[in-house]
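Participant: Line by line, the protein sequences give chains A and B.
The opening residue of the first sequence carries number 1 in UniProt numbering; numbering runs sequentially from there.
The opening residue of the second sequence carries number 1 in UniProt numbering; numbering runs sequentially from there.
Read the hints as simulated data drawn from the structure, not as lab findings.
Glycine included, C-beta positions come from ideal geometry on N, C-alpha and C.
There's no promise every hint is true.
Said to hold, decoys possible - Stretches of chain B that chain A covers, calculated by requiring three or more beta carbons in the stretch to come under 8 Å of a beta carbon on chain A:
(1) 17-24
(2) 196-209
What the hints assert, rightly or not - Which bits of chain B does chain A cover? Going by a derived footprint, with three or more residues having C-beta under 8 Å, they are:
(3) 44-54
(4) 62-75
(5) 225-235
2 protein chains.
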Amino acid sequence: MPNPTAAILIIGDEILTGRTRDANMHHLAQELARAGIDLIEARFVRDDHDAIVRAVNDLRKAHDHVFTSGGIGPTHDDITADAVAAAFGVPIGIREDARAILAAHYDRAGLEFNAARQRMARIPEGATLIENPISAAPGFSLGNVHVMAGVPDIFKAMVASLLPRLTGGKPLMSQSWRVEQGEGVIATPLAELAAEFPDLSFGSYPFIQNGVHGSNIVVRGTDPARIDAAMARLAKLFPNPRV
Amino acid sequence: MPNPTAAILIIGDEILTGRTRDANMHHLAQELARAGIDLIEARFVRDDHDAIVRAVNDLRKAHDHVFTSGGIGPTHDDITADAVAAAFGVPIGIREDARAILAAHYDRAGLEFNAARQRMARIPEGATLIENPISAAPGFSLGNVHVMAGVPDIFKAMVASLLPRLTGGKPLMSQSWRVEQGEGVIATPLAELAAEFPDLSFGSYPFIQNGVHGSNIVVRGTDPARIDAAMARLAKLFPNPRV
Numbered sequence: 001m002p003n004p005t006a007a008i009l010i011i012g013d014e015i016l017t018g019r020t021r022d023a024n025m026h027h028l029a030q031e032l033a034r035a036g037i038d039l040i041e042a043r044f045v046r047d048d049h050d051a052i053v054r055a056v057n058d059l060r061k062a063h064d065h066v067f068t069s070g071g072i073g074p075t076h077d078d079i080t081a082d083a084v085a086a087a088f089g090v091p092i093g094i095r096e097d098a099r100a101i102l103a104a105h106y107d108r109a110g111l112e113f114n115a116a117r118q119r120m121a122r123i124p125e126g127a128t129l130i131e132n133p134i135s136a137a138p139g140f141s142l143g144n145v146h147v148m149a150g151v152p153d154i155f156k157a158m159v160a161s162l163l164p165r166l167t168g169g170k171p172l173m174s175q176s177w178r179v180e181q182g183e184g185v186i187a188t189p190l191a192e193l194a195a196e197f198p199d200l201s202f203g204s205y206p207f208i209q210n211g212v213h214g215s216n217i218v219v220r221g222t223d224p225a226r227i228d229a230a231m232a233r234l235a236k237l238f239p240n241p242r243v
Numbered sequence: 001m002p003n004p005t006a007a008i009l010i011i012g013d014e015i016l017t018g019r020t021r022d023a024n025m026h027h028l029a030q031e032l033a034r035a036g037i038d039l040i041e042a043r044f045v046r047d048d049h050d051a052i053v054r055a056v057n058d059l060r061k062a063h064d065h066v067f068t069s070g071g072i073g074p075t076h077d078d079i080t081a082d083a084v085a086a087a088f089g090v091p092i093g094i095r096e097d098a099r100a101i102l103a104a105h106y107d108r109a110g111l112e113f114n115a116a117r118q119r120m121a122r123i124p125e126g127a128t129l130i131e132n133p134i135s136a137a138p139g140f141s142l143g144n145v146h147v148m149a150g151v152p153d154i155f156k157a158m159v160a161s162l163l164p165r166l167t168g169g170k171p172l173m174s175q176s177w178r179v180e181q182g183e184g185v186i187a188t189p190l191a192e193l194a195a196e197f198p199d200l201s202f203g204s205y206p207f208i209q210n211g212v213h214g215s216n217i218v219v220r221g222t223d224p225a226r227i228d229a230a231m232a233r234l235a236k237l238f239p240n241p242r243v
């Protein structure tokens with residue numbers, strides 16, 4: 001059975017304006033590879049209702065899972081929950097269990113549970129909550145769309161809460177081989193080798209280091225014995241002078 | 001006149017499988033903000049012909065400029081030039097000026113200009129070359145789609161070659177204000193302030209630092225005097241105890 005497929009949707013102006021560097025895509029890409037879920041696509045959109053609705057609808061139809069990051073806090077630019085509800089055409093409102101989790105959290109912290117904070121209990125109808133062990137405000141799964149916070153620590157914690165619930169396929173494994181020859185030299189023999197192992201993927205990632213042109217060949221697949229076999233062939237094709 | 005809009009399309013399995021962290025989106029996002037081009041959207045797709053064709057066609061219709069990164073080297077997984085040609089429905093083949101640039105480069109380097117390397121002279125019909133001062137193999141612009149290499153140093157050099165050619169709008173400027181109160185406290189007054197300055201955008205980026213919940217408020221716009229006015233209001237609304 002093929003692995004389930006996934007897309008990531010990162011929401012917020014801060015990355016597209018160059019202000020911050022994304023950390024969540026990289027973290028989730030690694031976690032999904034480990035869980036045996038194939039990440040096929042990622043999108044970054046601005047804090048724009050229509051853009052979020054369009055991206056959610058495109059991606060949820062194309063993939064088994066969609067993971068979103070960002071836009072579920074209490075401020076005016078946090079519009080993700082409403083946009084996801086609109087994408088599914090379901091109503092959204094304060095949900096009692098989410099409200100109770102938040103009320104208890106602010107009570108423990110001795111902080112006022114004001115209107116802005118109550119906004120974080122607005123959850124689309126039919127959703128399942130995703131636990132947030134750091135700041136209580138929950139994420140949610142609606143259908144195959146999993147809505148999480150953008151703050152990296154909270155995102156990571158939510159991913160850890162969510163992933164065990166989803167059915168993964170076989171974990172993707174990889175090995176890499178460093179070749180100190182330019183891609184132009186290795187391209188043809190590498191393509192021939194890739195054709196011999198159609199069940200594996202062969203990526204070539206060129207580098208320039210201290211004036212040396214080389215490439216890291218990465219072999220990926222789900223069967224470790226096949227990867228080992230391909231690595232043995234690679235080592236023969238492109239002997240590494242330093243080994 | 002509004003700024004031109006742009007999208008970035010990053011092509012390649014290496015980021016989606018969690019193997020490497022993207023650097024090109026962040027670099028280009030910063031350069032575009034400086035050049036007055038609004039980056040509206042970014043997409044990451046795999047080394048998959050149909051996925052690249054679909055993304056190129058979606059994005060080039062929606063935005064003034066599309067910048068791609070990755071997949072233009074000599075190896076079998078470098079399929080971007082063919083996919084961009086297919087997206088535009090134009091033929092692709094070895095182009096004489098590109099071939100001459102590459103031939104001269106390999107001649108100077110004393111390397112064989114073999115079949116794999118000649119592949120890098122395949123350019124879609126009607127394209128304009130983008131200079132690559134590092135490793136010679138050119139990128140190209142076809143219509144509003146600008147196709148560049150994925151290796152970060154080469155990508156940066158191509159962006160530097162390309163950007164002066166494109167017409168930018170007003171540069172986007174920003175200032176930020178650090179508030180050591182949770183978003184739940186500041187949300188309502190901040191939304192009111194944002195409504196008073198409809199020509200600016202107000203982003204709230206929460207943090208947790210040494211147990212303190214706070215937020216960086218980022219004000220963005222093209223008129224520095226308006227940003228200053230908003231910053232003065234922010235400082236009054238949320239006085240910073242440490243100043």
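Participant: If a hint holds in the structure, say so; if it doesn't, say that too.
Facilitator: Hints versus structure:
{"no.": "1", "hint": "17-24", "result": "holds (count 6)"}
{"no.": "2", "hint": "196-209", "result": "holds (count 8)"}
{"no.": "3", "hint": "44-54", "result": "holds (count 5)"}
{"no.": "4", "hint": "62-75", "result": "holds (count 3)"}
{"no.": "5", "hint": "225-235", "result": "violated (count 0)"}
In summary, the structure is inconsistent with hint 5 from the numbered list given earlier, while agreeing with all the others.
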